[in-house]
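There are 2 protein chains.
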Amino acid sequence: MTNIKDLAKMAGVSVSTVSRVLNNYPFVKEEKRMAVLKAIKDSNYQKNINAVHLSKGKTQMIGVVLPFSDYPYFALLLKGISKQAYKYNYKLLLFQTDYMESREIEALKMLKQKQIDALIICSRTCNWSTIEEHLLFGPIVLCENVNKKLVSTTFVNHYKIFYDALEYLYHKGHQRIGYCIGRKSGASSVKRNSAYRDFINQYNLPDNHDYIFDDCLEIDDGEKVVQYIKKMDTPPTALLVTNDQAAAGILTACQKAKISIPDELAIIGFNNEPISKIMNITTIEIPLEKIGNNLFLQALSGEISNQEIAVNLIERGTV
Amino acid sequence: MTNIKDLAKMAGVSVSTVSRVLNNYPFVKEEKRMAVLKAIKDSNYQKNINAVHLSKGKTQMIGVVLPFSDYPYFALLLKGISKQAYKYNYKLLLFQTDYMESREIEALKMLKQKQIDALIICSRTCNWSTIEEHLLFGPIVLCENVNKKLVSTTFVNHYKIFYDALEYLYHKGHQRIGYCIGRKSGASSVKRNSAYRDFINQYNLPDNHDYIFDDCLEIDDGEKVVQYIKKMDTPPTALLVTNDQAAAGILTACQKAKISIPDELAIIGFNNEPISKIMNITTIEIPLEKIGNNLFLQALSGEISNQEIAVNLIERGTV
Numbered sequence: 001m002t003n004i005k006d007l008a009k010m011a012g013v014s015v016s017t018v019s020r021v022l023n024n025y026p027f028v029k030e031e032k033r034m035a036v037l038k039a040i041k042d043s044n045y046q047k048n049i050n051a052v053h054l055s056k057g058k059t060q061m062i063g064v065v066l067p068f069s070d071y072p073y074f075a076l077l078l079k080g081i082s083k084q085a086y087k088y089n090y091k092l093l094l095f096q097t098d099y100m101e102s103r104e105i106e107a108l109k110m111l112k113q114k115q116i117d118a119l120i121i122c123s124r125t126c127n128w129s130t131i132e133e134h135l136l137f138g139p140i141v142l143c144e145n146v147n148k149k150l151v152s153t154t155f156v157n158h159y160k161i162f163y164d165a166l167e168y169l170y171h172k173g174h175q176r177i178g179y180c181i182g183r184k185s186g187a188s189s190v191k192r193n194s195a196y197r198d199f200i201n202q203y204n205l206p207d208n209h210d211y212i213f214d215d216c217l218e219i220d221d222g223e224k225v226v227q228y229i230k231k232m233d234t235p236p237t238a239l240l241v242t243n244d245q246a247a248a249g250i251l252t253a254c255q256k257a258k259i260s261i262p263d264e265l266a267i268i269g270f271n272n273e274p275i276s277k278i279m280n281i282t283t284i285e286i287p288l289e290k291i292g293n294n295l296f297l298q299a300l301s302g303e304i305s306n307q308e309i310a311v312n313l314i315e316r317g318t319v
Numbered sequence: 001m002t003n004i005k006d007l008a009k010m011a012g013v014s015v016s017t018v019s020r021v022l023n024n025y026p027f028v029k030e031e032k033r034m035a036v037l038k039a040i041k042d043s044n045y046q047k048n049i050n051a052v053h054l055s056k057g058k059t060q061m062i063g064v065v066l067p068f069s070d071y072p073y074f075a076l077l078l079k080g081i082s083k084q085a086y087k088y089n090y091k092l093l094l095f096q097t098d099y100m101e102s103r104e105i106e107a108l109k110m111l112k113q114k115q116i117d118a119l120i121i122c123s124r125t126c127n128w129s130t131i132e133e134h135l136l137f138g139p140i141v142l143c144e145n146v147n148k149k150l151v152s153t154t155f156v157n158h159y160k161i162f163y164d165a166l167e168y169l170y171h172k173g174h175q176r177i178g179y180c181i182g183r184k185s186g187a188s189s190v191k192r193n194s195a196y197r198d199f200i201n202q203y204n205l206p207d208n209h210d211y212i213f214d215d216c217l218e219i220d221d222g223e224k225v226v227q228y229i230k231k232m233d234t235p236p237t238a239l240l241v242t243n244d245q246a247a248a249g250i251l252t253a254c255q256k257a258k259i260s261i262p263d264e265l266a267i268i269g270f271n272n273e274p275i276s277k278i279m280n281i282t283t284i285e286i287p288l289e290k291i292g293n294n295l296f297l298q299a300l301s302g303e304i305s306n307q308e309i310a311v312n313l314i315e316r317g318t319v
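Just so you know, the sequences run in chain order R and A.
Mind the numbering: the first sequence is residues 1 to 319 in UniProt numbering, read in order.
Mind the numbering: the second sequence is residues 1 to 319 in UniProt numbering, read in order.
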């Protein structure tokens, strides 16, 4: 079987040059790179690539578990992860789980089998003990605060952010406050709902289930929220909207429906996406891209660290 | 070594149930699934997962080659691909190549080694012969018209779309027409540039390099285009902007700078993203998500087909 020394001989280059080419490092002269690639081709070397991975214990592949890649929250996280993966020339293996535990377990299994070098879990269904069983097999990085010393995490405090935003609206004079969310089932959604419940209990506010809207993912989803609100006898006077795309859609639909913003309806978006700046939407800046960057770097380094990322309320024209 | 029959015995279920669990098919009773998972755990079965892949010749993994995943054009293609991958429970392996041939070759090599079931190439640097060498090893799907019968493709005619849009602006009375693009180096950028050159030669229009702006990727990039235009003695009177995010940014910056749209500057965006609807931007609808869907389904089926996707000019308020 051809080995790396044979390749170096065939290509007339050093072993370290072959290694650089195999690992796609930059700074190899094109001429030498071509010579190595020719040697690889001539010698049918591809059969050994797995052996190279084994000897290094590296696949240059990092797994990313996320329920759906097209929900803005996860899309922005993934963007941050991808930017770093690109920079370090790592491939990303995407597991879109729809919160099915079997798909999460499949990802963990691939870590166990060394088919990926590390695993980033953006959101999950499986319980901590399932994660714990796999910690020995490679770095696992979580995007949540699990209060464990065994695993790297980068997270925001979804409960506190939601509660603080609700109190902010309350102190601005609002009592009928609702919120719009992507899906009810995610881990952050559960925390947000619990903040909302605690808030209305604390301030003794009406508990109106009609004030909670789900499936608010994109600009186009704003229209249906506004149609619904228009039909209510006592509509909410303020909405927390968990992504700026949907907030922009609600704002536009209100403008069409002659609902005055913020006088008749106050809106707080999330993420400080560029569209919120253009449309002058008050928003809570969760630096998801930065969190994504961090998750990747934690997965890459393998050293355990835990980081809470701060958020900012950016006051603009919709409250 | 434990095999699938042993697992079935240990779990007290049928072989086909074990197979269903291993392949993550739905419709397995949770109780049976747990029994199989326990048997897998108890028997240390993970060593055989690769053997399962081998026996089926399937990894449930499809590779996606794209230069950068965060450029809107590719992000939307990837969104379409991801939606189908999610639906069919396939994992996606992302190769972000920055148009480096070595990274494309790495992807092709993984197809050759059966580490992925199929490969979708959204844009590439390597030449056709490199692709051709790998056609035997599994389905390769391209997002361009290569006029070959050997490979599946889904594509739009970037040259014609750009030329037609330029002529449309010309017939609206514009002679000083520029364009904004993400990066100059991509395959579609080259075709667009060649359409632009042919157009200005055909109509004998001024060949002003200052009318071509690159790095126009996001909303925030609009500002610098407008700053630049403001300083010109003879600014362009119309711009083709190859994504709606940047078009929205230019529109907003013009509103701030008191440049009247469309009287002083006409704008045509691309992709018909929701933001173009909200901001009433004339745009060319390239159904990138649909193209992404199609690319995945072609990769999955493995049958060769070639499809040109039609585009629409959506006339709104910016021309």
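Wrong hints could be hidden among the right ones.
The list treats identical chains as one, so a pair stands whether inside a single copy or across any two.
Said to hold, decoys possible - Within a straight-line C-alpha distance of at most 25 Å, the following computed DSS-like cross-link-like pairs (lysine-lysine) qualify:
1. 5 with 230
2. 112 with 258
3. 79 with 184
4. 148 with 277
5. 258 with 160
6. 109 with 29
7. 58 with 109
8. 258 with 230
9. 9 with 32
10. 41 with 109
11. 224 with 79
12. 58 with 230
13. 224 with 277
14. 184 with 83
15. 256 with 230
16. 290 with 79
17. 149 with 290
18. 224 with 9
19. 230 with 114
20. 160 with 109
21. 109 with 32
Hints listed in this document are in silico derivations from the structure and should not be mistaken for laboratory results.
Quick rundown of the hints versus the structure:
Taking the shortest Cα distances, residue 5 and residue 230 never come within 25 Å of each other, neither inside one copy (74 Å) nor across copies (60 Å). In this assembly of identical chains, the alpha carbons of residue 112 and residue 258 never lie at most 25 Å apart, being 57 Å within a copy and 60 Å across copies at closest. For the identical chains of this complex, residue 79 and residue 184 are neighbours both inside a copy (23 Å) and across copies (22 Å), given an alpha-carbon limit of 25 Å. Taking the closest pair of Cα atoms, residue 148 and residue 277 never come within 25 Å of each other, the shortest separation being 37 Å inside a single copy and 46 Å across copies.
In this assembly of identical chains, the alpha carbons of residue 258 and residue 160 never lie at most 25 Å apart, being 33 Å within a copy and 42 Å across copies at closest. In this homomeric assembly, residue 109 and residue 29 come within 25 Å of each other (Cα to Cα) only across copies, at 21 Å, whereas the closest approach inside a single copy is 39 Å. In this assembly of identical chains, residue 58 and residue 109 lie within 25 Å of each other by CA distance both inside one copy and across copies; the values are 16 Å within and 17 Å between. In this assembly of identical chains, residue 258 and residue 230 lie within 25 Å of each other by CA distance solely inside one copy; the values are 10 Å within and 35 Å between copies.
Within a single copy, residue 9 and residue 32 get their C-alpha atoms as close as 12 Å, which meets the 25 Å cut-off; across copies the closest is 55 Å, which misses it. For a Cα distance limit of 25 Å, the shortest separation of residue 41 from residue 109 across copies, 10 Å, qualifies, whereas the shortest one inside one copy, 32 Å, does not. Taking identical chains as interchangeable, the C-alpha atoms of residue 224 and residue 79 lie at most 25 Å apart only when they sit on different chains, with a minimum of 23 Å there against 28 Å within one chain. Taking the shortest Cα distances, residue 58 and residue 230 never come within 25 Å of each other, neither inside one copy (57 Å) nor across copies (52 Å).
For the identical chains of this complex, residue 224 and residue 277 are neighbours both inside a copy (23 Å) and across copies (16 Å), given an alpha-carbon limit of 25 Å. Within a single copy, residue 184 and residue 83 get their C-alpha atoms only as close as 29 Å, which misses the 25 Å cut-off; across copies the closest is 20 Å, which meets it. Proximity of residue 256 to residue 230 under the C-alpha cut-off of 25 Å is restricted to the intra-copy arrangement: shortest distance 12 Å within a copy versus 33 Å between copies. In this assembly of identical chains, the alpha carbons of residue 290 and residue 79 lie at most 25 Å apart whether taken from the same copy (9 Å) or from different copies (21 Å).
For the identical chains of this complex, residue 149 and residue 290 are intra-copy neighbours only, at 22 Å inside a copy versus 44 Å across copies, given an alpha-carbon limit of 25 Å. In this assembly of identical chains, the alpha carbons of residue 224 and residue 9 never lie at most 25 Å apart, being 68 Å within a copy and 52 Å across copies at closest. In this assembly of identical chains, the alpha carbons of residue 230 and residue 114 never lie at most 25 Å apart, being 55 Å within a copy and 56 Å across copies at closest. Taking the shortest alpha-carbon separations for residue 160 and residue 109, neither the intra-copy value of 34 Å nor the inter-copy value of 48 Å comes in at or below 25 Å.
Taking the shortest alpha-carbon separations for residue 109 and residue 32, only the inter-copy value of 19 Å comes in at or below 25 Å, while the best intra-copy value is 38 Å.
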